[in-house]
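> Residue numbers (the working numbering), protein chains in the order written: chain A, 1 to 565; chain B, 1 to 183; chain C, 1 to 340.
It should be emphasised that the hints constitute simulated quantities derived from the structure, not laboratory data.
Do not take every clue at face value.
Examples of chain C residues lying across from chain A (beta carbon under 10 Å, computed) [stated by the list, open to error]:
| no. | residue |
| --- | --- |
| 1 | V7 |
| 2 | Q151 |
| 3 | I153 |
| 4 | G155 |
| 5 | P182 |
| 6 | D277 |
| 7 | T283 |
| 8 | V334 |
Cut-off 27 Å, straight-line C-alpha distance, at most; resulting in silico cross-link-like pairs (DSS-like, lysine-lysine) [stated by the list, open to error]:
| no. | chain 1 | residue 1 | chain 2 | residue 2 |
| --- | --- | --- | --- | --- |
| 9 | A | K470 | B | K133 |
| 10 | B | K91 | A | K443 |
| 11 | A | K433 | C | K338 |
| 12 | B | K103 | A | K433 |
| 13 | B | K101 | A | K433 |
| 14 | C | K9 | A | K13 |
| 15 | B | K133 | A | K443 |
| 16 | A | K378 | C | K9 |
| 17 | C | K206 | A | K396 |
| 18 | B | K91 | A | K396 |
| 19 | A | K400 | B | K81 |
| 20 | B | K133 | A | K433 |
| 21 | A | K433 | A | K443 |
| 22 | A | K464 | B | K91 |
| 23 | A | K467 | A | K481 |
| 24 | C | K63 | A | K149 |
| 25 | C | K65 | C | K9 |
Since the structure is predicted, the reported quantities are computational estimates derived from the model, not experimental observations.
Backbone N, C-alpha and C fix where the C-beta goes; we use that ideal spot for every residue, glycine too.
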Amino acid sequence: MLRKLFKFHGGVKPQTNKTESTTQPIAQVPLPDRLVIPLHQAVGGHPRPLVAPGDKVFKGQRIGGADGSLSSAVHASTSGIVHDVVPALMPHTSGLTTLSVIIEPDGEDRWGELDKVNYRRTPPDELRDFLRDAGVVGLGGAVFPSYAKLKPGKEGRLKTLVINGAECEPFITCDDLLMRERAADMLKGIVAMRHMLQAEEVLIGIEDNKPEAVAAVQAAIAASGQSGIEAVAIPTRYPAGGAKQLIRVLTGIEVPHGRRSTDFGVQCFNVGTAYSIYEALELGRPLISRVVTVAGNVDRPRNYEVLIGTPMDHVVRQSGARPDSDRYIMGGPMMGVRLPAFGVPVVKATNCILVGSPALFPPPPPEMPCIRCGECAKACPADLAPFEMYWFSRSKNFGKAQEYHLFDCIECGCCSFVCPSHIPLVDYFRFSKSEIWARERDKEASDAARDRFEFKNFRQEREKQEKAEKLAAKAAATREKVAAEGQAGTTSAAAETPDVAAKPAAPSAEDTKRALIAAAMEKARQQKAQVAPKNTEQLSTETQADIAAIEARRAAAATPPTPDA
Amino acid sequence: MLTALLVMTAVALVLGALLGYASLKFKVEGDPLVEKIDAILPQTQCGQCGFPGCRPYATAIASGEADINQCPPGGEEGIRKLADLLGREFKSLSEEHGVEKPKSVAVIDENTCIGCTLCIQACPVDAIVGAAKQLHTVVAGECTGCELCVAPCPVDCIAMEPIVDTLDTWKWRYPVIQIKQAA
Amino acid sequence: MINSPFVRKPASVQQVMLQVLLALVPGIAAYVWFFGAGILVQIALASAAALAGEAAMLAIRGKPKALFLGDLSAIVTAWLIALTFPPIVPWWLTVTATLLAIVVVKQLYGGLGQNPFNPAMAAFCLMIVAYPALMSQWPAAGQLDFSSQLQLIFGGARQVDAITGATPLDALRTALRAATNPDSQLHGLRASQLMDGPAYGMLGGKGGEWVALGFLLGGLWLLQRRIITWHIPGAFCLALAASAGLLWAIRPEGFASPVFHLASGGAMLGAFFILTDPVSGATTLRGKLLFAAGAGVLTFVIRAFGAYPDGVAFATLLMNLCVPLIDMNTQAPVFGHKKD
Numbered sequence: 001m002l003r004k005l006f007k008f009h010g011g012v013k014p015q016t017n018k019t020e021s022t023t024q025p026i027a028q029v030p031l032p033d034r035l036v037i038p039l040h041q042a043v044g045g046h047p048r049p050l051v052a053p054g055d056k057v058f059k060g061q062r063i064g065g066a067d068g069s070l071s072s073a074v075h076a077s078t079s080g081i082v083h084d085v086v087p088a089l090m091p092h093t094s095g096l097t098t099l100s101v102i103i104e105p106d107g108e109d110r111w112g113e114l115d116k117v118n119y120r121r122t123p124p125d126e127l128r129d130f131l132r133d134a135g136v137v138g139l140g141g142a143v144f145p146s147y148a149k150l151k152p153g154k155e156g157r158l159k160t161l162v163i164n165g166a167e168c169e170p171f172i173t174c175d176d177l178l179m180r181e182r183a184a185d186m187l188k189g190i191v192a193m194r195h196m197l198q199a200e201e202v203l204i205g206i207e208d209n210k211p212e213a214v215a216a217v218q219a220a221i222a223a224s225g226q227s228g229i230e231a232v233a234i235p236t237r238y239p240a241g242g243a244k245q246l247i248r249v250l251t252g253i254e255v256p257h258g259r260r261s262t263d264f265g266v267q268c269f270n271v272g273t274a275y276s277i278y279e280a281l282e283l284g285r286p287l288i289s290r291v292v293t294v295a296g297n298v299d300r301p302r303n304y305e306v307l308i309g310t311p312m313d314h315v316v317r318q319s320g321a322r323p324d325s326d327r328y329i330m331g332g333p334m335m336g337v338r339l340p341a342f343g344v345p346v347v348k349a350t351n352c353i354l355v356g357s358p359a360l361f362p363p364p365p366p367e368m369p370c371i372r373c374g375e376c377a378k379a380c381p382a383d384l385a386p387f388e389m390y391w392f393s394r395s396k397n398f399g400k401a402q403e404y405h406l407f408d409c410i411e412c413g414c415c416s417f418v419c420p421s422h423i424p425l426v427d428y429f430r431f432s433k434s435e436i437w438a439r440e441r442d443k444e445a446s447d448a449a450r451d452r453f454e455f456k457n458f459r460q461e462r463e464k465q466e467k468a469e470k471l472a473a474k475a476a477a478t479r480e481k482v483a484a485e486g487q488a489g490t491t492s493a494a495a496e497t498p499d500v501a502a503k504p505a506a507p508s509a510e511d512t513k514r515a516l517i518a519a520a521m522e523k524a525r526q527q528k529a530q531v532a533p534k535n536t537e538q539l540s541t542e543t544q545a546d547i548a549a550i551e552a553r554r555a556a557a558a559t560p561p562t563p564d565a
Numbered sequence: 001m002l003t004a005l006l007v008m009t010a011v012a013l014v015l016g017a018l019l020g021y022a023s024l025k026f027k028v029e030g031d032p033l034v035e036k037i038d039a040i041l042p043q044t045q046c047g048q049c050g051f052p053g054c055r056p057y058a059t060a061i062a063s064g065e066a067d068i069n070q071c072p073p074g075g076e077e078g079i080r081k082l083a084d085l086l087g088r089e090f091k092s093l094s095e096e097h098g099v100e101k102p103k104s105v106a107v108i109d110e111n112t113c114i115g116c117t118l119c120i121q122a123c124p125v126d127a128i129v130g131a132a133k134q135l136h137t138v139v140a141g142e143c144t145g146c147e148l149c150v151a152p153c154p155v156d157c158i159a160m161e162p163i164v165d166t167l168d169t170w171k172w173r174y175p176v177i178q179i180k181q182a183a
Numbered sequence: 001m002i003n004s005p006f007v008r009k010p011a012s013v014q015q016v017m018l019q020v021l022l023a024l025v026p027g028i029a030a031y032v033w034f035f036g037a038g039i040l041v042q043i044a045l046a047s048a049a050a051l052a053g054e055a056a057m058l059a060i061r062g063k064p065k066a067l068f069l070g071d072l073s074a075i076v077t078a079w080l081i082a083l084t085f086p087p088i089v090p091w092w093l094t095v096t097a098t099l100l101a102i103v104v105v106k107q108l109y110g111g112l113g114q115n116p117f118n119p120a121m122a123a124f125c126l127m128i129v130a131y132p133a134l135m136s137q138w139p140a141a142g143q144l145d146f147s148s149q150l151q152l153i154f155g156g157a158r159q160v161d162a163i164t165g166a167t168p169l170d171a172l173r174t175a176l177r178a179a180t181n182p183d184s185q186l187h188g189l190r191a192s193q194l195m196d197g198p199a200y201g202m203l204g205g206k207g208g209e210w211v212a213l214g215f216l217l218g219g220l221w222l223l224q225r226r227i228i229t230w231h232i233p234g235a236f237c238l239a240l241a242a243s244a245g246l247l248w249a250i251r252p253e254g255f256a257s258p259v260f261h262l263a264s265g266g267a268m269l270g271a272f273f274i275l276t277d278p279v280s281g282a283t284t285l286r287g288k289l290l291f292a293a294g295a296g297v298l299t300f301v302i303r304a305f306g307a308y309p310d311g312v313a314f315a316t317l318l319m320n321l322c323v324p325l326i327d328m329n330t331q332a333p334v335f336g337h338k339k340d
């Protein structure tokens with residue numbers, strides 16, 4: 001039976017360049033001298049380190065604990081000694097650092113104790129916690145913690161579970177090889193996910209340029225005897241592997257920006273994620289390695305099973321980088337991330353290390369003005385008008401850019417790909433998005449500061465008033481006391497002229513005020529004396545000099561500043 | 001002649017009544033300009049402009065008592081926005097009020113702090129916590145970087161540290177590449 | 001630094017413009033065949049003027065000359081000017097018009113991609129207002145040999161009235177008006193009978209219909225190359241034919257047939273080469289349909305009721321004016337926001 005497929009708007013057909021890296025099976029990479037495992041590898045909170053320098057760790061031992069409502073654990077990829085826990089360069093265009101655990105492997109590659117779990121007998125919440133602590137995240141590139149997506153919608157069940165084996169980016173073949181070699185185990189992961197989501201049907205979408213993978217998955221389905229799972233070959237057109245585009249192709253449903261796909265009865269996972277769920281549940285192995293394609297400017301493009309934290313140049317060496325290589329790209333040529341250095345570690349998001357050279361990826365010809373030809377709009381898989389958003393982004397008119405649905409842009413790169421004026425459209429959109437986010441943050445911060453400032457003023461005003469009231473009450477009390485004393489002496493006078501009685505009280509009230517001030521000053525002096533450093537005898541001369549300096553400054557500062565200076 | 005006069009008078013009356021009604025119906029409470037100016041100001045509350053806080057400065061700009069280039073934390077961009085809003089010419093930051101610095105937060109050196117509470121009193125946004133003779137600390141998220149706490153500290157234990165970019169605050173750069181004149 | 005995507009389709013503005021120029025060749029060939037080689041002189045004049053004007057403006061604006069002259073957009077404008085103007089206008093008129101188009105309508109608005117009006121059509125309108133007589137003298141097919149064309153283009157003497165006439169469009173309109181006049185000798189004749197003269201061919205003007213066919217062929221090739229989409233030419237032709245057909249059906253003695261309208265004047269050139277200019281045209285699919293349909297109706301209205309020989313240029317400019325409004329109100333719903 002042929003399934004009815006749907007179309008998404010736009011898309012492009014770049015050269016796929018996939019055959020070279022599929023000729024060889026997935027290979028292992030020898031242990032590197034050092035693993036650098038960033039703690040923050042997934043969408044959500046920053047995991048906190050659970051190990052300290054000098055600790056001995058086993059393979060699969062948790063070294064970063066999930067923190068916050070959305071976060072995912074991180075594990076040691078091999079056994080060894082924790083060399084350090086320091087910020088290290090992360091595989092990101094920004095060139096920023098992130099807290100990372102550096103492990104020196106002991107070469108034994110010994111697993112710690114592994115907990116397996118029977119997903120059919122475990123309550124869903126526990127199962128999700130288990131997967132969170134196993135560090136399973138989306139391996140398609142978005143690295144969204146999988147446990148958070150393994151929740152069925154409101155009805156408690158799901159219509160369709162979509163498994164993404166489309167792999168539409170040129171050069172990348174890691175999912176292809178995974179499906180060819182490990183279809184049966186991947187299927188076990190899919191069955192577990194289907195159970196957790198209570199999904200009626202499972203559709204595995206694979207681009208039709210991977211007939212071997214389609215055949216392997218179909219064979220595995222047949223062998224497993226599962227019903228309601230289907231491997232569907234879909235037309236090869238970038239970006240068919242975008243989650244939204246794939247859901248559209250397989251089910252006809254369009255999930256709008258900012259909405260959960262479960263609200264529409266669909267959920268989507270990558271095939272690699274399915275395999276790591278199998279490893280976590282059935283073998284108890286957390287996510288410590290993944291299949292990575294090494295392609296581009298190398299002699300032997302190939303797929304490798306790579307431990308998370310392995311320096312990329314160590315992996316690329318296995319494939320033989322050519323001498324004119326000038327950069328590594330994480331991911332494919334359409335959406336890949338330009339990396340700041342060769343030695344950054346492989347992380348969970350690394351589906352491909354694309355080795356670039358000026359000849360392979362030449363710089364674009366000079367940017368020309370937009371001629372509004374509309375090619376970008378024709379190619380946009382999100383039905384946007386990129387040339388309009390470009391116009392507003394360029395003039396920094398962000399409000400207008402948002403009106404044209406800037407945030408529906410998935411940054412797939414189709415518009416830049418087709419632009420005859422060679423405009424880096426996606427760069428403009430990334431710029432606009434980060435600028436809008438920054439502005440929102442600034443606005444929130446300044447609003448908070450304004451509120452706090454106004455509250456402080458209000459509080460000071462209130463305190464002043466309270467103090468004044470207290471003082472007035474005290475003065476009245478003193479006055480009464482003085483008046484009472486005076487009354488005892490001159491009862492007759494007071495009796496004769498009641499308003500005169502207040503008169504002697506007035507100067508005495510001033511006296512008491514003066515006395516109060518004197519007392520306060522004395523108290524302040526005492527306080528000051530208390531602040532003076534004590535026990536200085538045993539200190540080194542250096543510290544004593546420091547203290548002297550501090551004292552001098554304090555003396556200088558003691559002259560009270562004028563209040564409204 | 002008389003009809004013309006009558007018509008004109010009637011028109012004048014009707015229009016006048018309309019205007020009067022409109023001025024009542026669409027009456028604006030307060031000065032909306034101050035709100036708009038205040039929204040542009042960075043709310044650092046540093047007082048470098050010569051006014052005790054951002055709102056007083058906004059009021060002063062609105063009433064013409066202060067110029068638009070007295071806010072160093074707002075920087076050039078802030079001046080540009082104010083110039084746009086008020087339809088004035090852009091001018092560079094007035095030097096007597098300070099210079100534009102990278103955004104930073106105050107950090108208290110915990111080894112030196114004597115717990116005098118002077119900085120707590122100076123902080124315009126209550127971003128410093130602590131009590132007398134207790135170690136003080138700055139709540140970095142609330143700190144506006146106004147530097148008002150630096151001067152009052154008797155032991156000079158407060159330093160301003162520039163905010164470091166993280167993945168959440170890192171920004172993509174503006175991609176315009178100037179096309180060079182072909183040789 | 002370069003960010004993703006790292007690969008690009010080998011497309012460029014230059015390539016697009018080059019294909020547009022190539023697509024004009026069949027029409028130009030027919031033009032030369034029927035009306036003589038004078039048009040080639042005009043094309044050369046306009047191209048030279050366009051390049052000179054563009055180069056001067058780029059120098060003043062401090063833009064890279066080689067890059068922008070090489071994009072061929074000025075040449076496209078120049079060719080369109082030459083092809084829409086009468087082939088025997090004096091050289092200075094062609095040059096002035098081209099300079100106006102390039103310097104004022106294109107470069108002063110910001111150059112490539114920034115002009116709100118189609119430069120060639122703006123120049124046409126300016127010239128027909130400034131020099132109505134010179135802009136209305138068209139030779140009939142085969143009427144003038146090359147040397148007399150050259151003389152008319154470069155020579156000062158102009159006794160053109162004696163040797164040229166109006167375009168078939170213009171002539172037919174005059175004749176149809178006369179036909180409604182009881183005093184005229186043409187009274188009571190129908191359009192088909194009026195078109196019996198030597199100036200007319202099978203469908204439109206003699207020779208002119210073949211030129212139109214040439215442009216149609218070129219346009220279809222552009223469609224096949226996906227340089228343009230069917231929306232603009234389709235909607236334009238349909239609207240022009242429909243509005244012409246409606247009045248023709250009501251009063252066939254007073255109006256020319258829709259086929260005549262399509263085959264005459266600048267209809268084909270306009271449909272495939274002028275209205276499809278992306279810079280000054282609408283960009284959304286619905287917008288393109290509206291834009292071109294509006295231009296089609298306006299073209300017919302100006303042709304049938306106006307005083308100018310053809311309506312394409314004015315219709316184009318009028319619709320250029322509406323583009324921002326059309327684009328703003330015809331934005332297609334984006335992914336996930338469609339109403340099924």
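> Look at each hint and say if it fits the structure.
Taking the hints in turn, this is what the structure says about them:
{"no.": "1", "hint": "V7", "in the structure": "holds (5 Å)"}
{"no.": "2", "hint": "Q151", "in the structure": "violated (39 Å)"}
{"no.": "3", "hint": "I153", "in the structure": "violated (32 Å)"}
{"no.": "4", "hint": "G155", "in the structure": "violated (39 Å)"}
{"no.": "5", "hint": "P182", "in the structure": "violated (52 Å)"}
{"no.": "6", "hint": "D277", "in the structure": "holds (9 Å)"}
{"no.": "7", "hint": "T283", "in the structure": "holds (5 Å)"}
{"no.": "8", "hint": "V334", "in the structure": "holds (5 Å)"}
{"no.": "9", "hint": "A:K470 <-> B:K133", "in the structure": "holds (26 Å)"}
{"no.": "10", "hint": "B:K91 <-> A:K443", "in the structure": "holds (24 Å)"}
{"no.": "11", "hint": "A:K433 <-> C:K338", "in the structure": "holds (23 Å)"}
{"no.": "12", "hint": "B:K103 <-> A:K433", "in the structure": "holds (21 Å)"}
{"no.": "13", "hint": "B:K101 <-> A:K433", "in the structure": "holds (25 Å)"}
{"no.": "14", "hint": "C:K9 <-> A:K13", "in the structure": "holds (9 Å)"}
{"no.": "15", "hint": "B:K133 <-> A:K443", "in the structure": "violated (35 Å)"}
{"no.": "16", "hint": "A:K378 <-> C:K9", "in the structure": "holds (14 Å)"}
{"no.": "17", "hint": "C:K206 <-> A:K396", "in the structure": "violated (55 Å)"}
{"no.": "18", "hint": "B:K91 <-> A:K396", "in the structure": "holds (21 Å)"}
{"no.": "19", "hint": "A:K400 <-> B:K81", "in the structure": "holds (17 Å)"}
{"no.": "20", "hint": "B:K133 <-> A:K433", "in the structure": "violated (46 Å)"}
{"no.": "21", "hint": "A:K433 <-> A:K443", "in the structure": "holds (15 Å)"}
{"no.": "22", "hint": "A:K464 <-> B:K91", "in the structure": "violated (40 Å)"}
{"no.": "23", "hint": "A:K467 <-> A:K481", "in the structure": "holds (21 Å)"}
{"no.": "24", "hint": "C:K63 <-> A:K149", "in the structure": "violated (52 Å)"}
{"no.": "25", "hint": "C:K65 <-> C:K9", "in the structure": "holds (24 Å)"}
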